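> Chains as they are written, first to last, in our numbering: chain B, 2 to 107; chain L, 1438 to 1547.
Derived from the structure by calculation, the hints contain no laboratory data. Keep in mind that the hints are not guaranteed to be accurate.
Some chain B residues well away from chain L (every beta-carbon gap over 12 Å; in silico) [stated by the list, open to error]:
(1) 13
(2) 14
(3) 18
(4) 29
(5) 31
(6) 53
(7) 58
(8) 66
(9) 67
(10) 68
(11) 78
(12) 84
(13) 91
(14) 99
Each computed SDA-like pair below joins lysine to any residue, with the alpha-carbon atoms no more than 20 Å apart [unchecked claim]:
(15) B/3 / L/1480
(16) B/43 / L/1482
(17) B/3 / L/1540
(18) B/3 / L/1497
(19) B/43 / L/1497
(20) B/43 / L/1533
(21) B/3 / L/1533
(22) B/57 / L/1461
(23) B/57 / L/1478
(24) B/3 / L/1523
(25) B/43 / L/1446
(26) B/68 / B/49
(27) B/43 / L/1479
(28) B/43 / L/1505
(29) B/68 / L/1446
(30) B/43 / L/1461
(31) B/43 / L/1442
(32) B/3 / B/42
All of these numbers come straight from a predicted model, not from anything done at the bench. Where a beta carbon is used, it is the ideal one built from N, C-alpha and C, also for glycine.
Listed below, chain by chain, are the residues.
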Amino acid sequence: QKEVEQNSGPLSVPEGAIASLNCTYSDRVSQSFFWYRQYSGKSPELIMSIYSNGDKEDGRFTAQLNKASQYVSLLIRDSQPSDSATYLCAVDQFYFGTGTSLTVIP
Amino acid sequence: SQTIHQWPATLVQPVGSPLSLECTVEGTSNPNLYWYRQAAGRGLQLLFYSVGIGQISSEVPQNLSASRPQDRQFILSSKKLLLSDSGFYLCAWSDHSPLHFGNGTRLTVT
Chain B
2 QKEVEQNSGP LSVPEGAIAS LNCTYSDRVS QSFFWYRQYS GKSPELIMSI
52 YSNGDKEDGR FTAQLNKASQ YVSLLIRDSQ PSDSATYLCA VDQFYFGTGT
102 SLTVIP
Chain L
1438 SQTIHQWPAT LVQPVGSPLS LECTVEGTSN PNLYWYRQAA GRGLQLLFYS
1488 VGIGQISSEV PQNLSASRPQ DRQFILSSKK LLLSDSGFYL CAWSDHSPLH
1538 FGNGTRLTVT
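Excised from the complex, chain B in its bound form (with noise of 0.2 Å):
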C-alpha cells in the first residue's frame, strides 16, 4: 500500500501568517495529489490538486510539488483563524496521509 506521511502537528501560527503544510510519499510513479481541509466533526472537502512539478496558485493557497523528492505541500497565506482545522494529503486519488491540525492564532 503506498505511505503518505505528514506530521501531526499540531502546527500554531498567527492570524495573517504563513501557514506550511508538508507531505511525503513512497511511490515515486504517483501522479495525482490533492490537499483537503477537515474541520472537527465534518468530511473531508478539496481545497487544492496538483499533478505536475512546480507551484499551483487558488486564492491564498499555493501547492508546491517536487516528483524527485517525492514531496507536495501546502502554503496558506494571510493565515485566517477559519483556517483552523486538520489538512489531510492524498496521493493517487485515495492514498491519505494521516493529517496535520492547524490552529490560527487571532
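Assemble chain L onto chain B, guided by the hints.
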C-alpha cells in the same frame, strides 16, 4: 450537479449487533465509490472501493463487508459489530477526479 447522500448521521449500536450504512450518489453515472473509516484523531483508512455494480475491492481484512447493488448505491455492512468498529465512516465518489465525500456517519459501538 452531483450530490452524495449518506445516512444515518450518528448511530449507537451494541457489540454484536448488525450494521448497515447506506450511501447514494445523484447526478452522475458509473462513479467510483469508496468507504473510509476515521478513528478518533486518526487519518482516513480506505476500507472498500468499487468501480462498478457488484465489483468490490477490499483494502483491509476486517469485520466489515460492502455491496453495490445499484450503480449509485453503496452499502457497508457488518454481521456482528466489535468495539473497534467505532469511528467516523465516510462514503465518497469520484469520476477519476478528486474524491467527493458525504457528510459521514459517526458510529459508536457500546
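> Does each hint fit the structure? Answer for all of them.
Now for the hints, and whether the structure bears them out:
{"no.": "1", "hint": "13", "in the structure": "holds, 17 Å"}
{"no.": "2", "hint": "14", "in the structure": "holds, 21 Å"}
{"no.": "3", "hint": "18", "in the structure": "holds, 25 Å"}
{"no.": "4", "hint": "29", "in the structure": "holds, 21 Å"}
{"no.": "5", "hint": "31", "in the structure": "holds, 14 Å"}
{"no.": "6", "hint": "53", "in the structure": "holds, 16 Å"}
{"no.": "7", "hint": "58", "in the structure": "holds, 18 Å"}
{"no.": "8", "hint": "66", "in the structure": "holds, 15 Å"}
{"no.": "9", "hint": "67", "in the structure": "holds, 20 Å"}
{"no.": "10", "hint": "68", "in the structure": "holds, 18 Å"}
{"no.": "11", "hint": "78", "in the structure": "holds, 22 Å"}
{"no.": "12", "hint": "84", "in the structure": "holds, 19 Å"}
{"no.": "13", "hint": "91", "in the structure": "violated, 7 Å"}
{"no.": "14", "hint": "99", "in the structure": "violated, 3 Å"}
{"no.": "15", "hint": "B/3 / L/1480", "in the structure": "holds, 14 Å"}
{"no.": "16", "hint": "B/43 / L/1482", "in the structure": "holds, 16 Å"}
{"no.": "17", "hint": "B/3 / L/1540", "in the structure": "violated, 26 Å"}
{"no.": "18", "hint": "B/3 / L/1497", "in the structure": "holds, 13 Å"}
{"no.": "19", "hint": "B/43 / L/1497", "in the structure": "violated, 24 Å"}
{"no.": "20", "hint": "B/43 / L/1533", "in the structure": "violated, 23 Å"}
{"no.": "21", "hint": "B/3 / L/1533", "in the structure": "holds, 18 Å"}
{"no.": "22", "hint": "B/57 / L/1461", "in the structure": "violated, 33 Å"}
{"no.": "23", "hint": "B/57 / L/1478", "in the structure": "violated, 29 Å"}
{"no.": "24", "hint": "B/3 / L/1523", "in the structure": "violated, 25 Å"}
{"no.": "25", "hint": "B/43 / L/1446", "in the structure": "holds, 11 Å"}
{"no.": "26", "hint": "B/68 / B/49", "in the structure": "holds, 17 Å"}
{"no.": "27", "hint": "B/43 / L/1479", "in the structure": "holds, 14 Å"}
{"no.": "28", "hint": "B/43 / L/1505", "in the structure": "violated, 25 Å"}
{"no.": "29", "hint": "B/68 / L/1446", "in the structure": "violated, 39 Å"}
{"no.": "30", "hint": "B/43 / L/1461", "in the structure": "holds, 18 Å"}
{"no.": "31", "hint": "B/43 / L/1442", "in the structure": "holds, 14 Å"}
{"no.": "32", "hint": "B/3 / B/42", "in the structure": "violated, 26 Å"}
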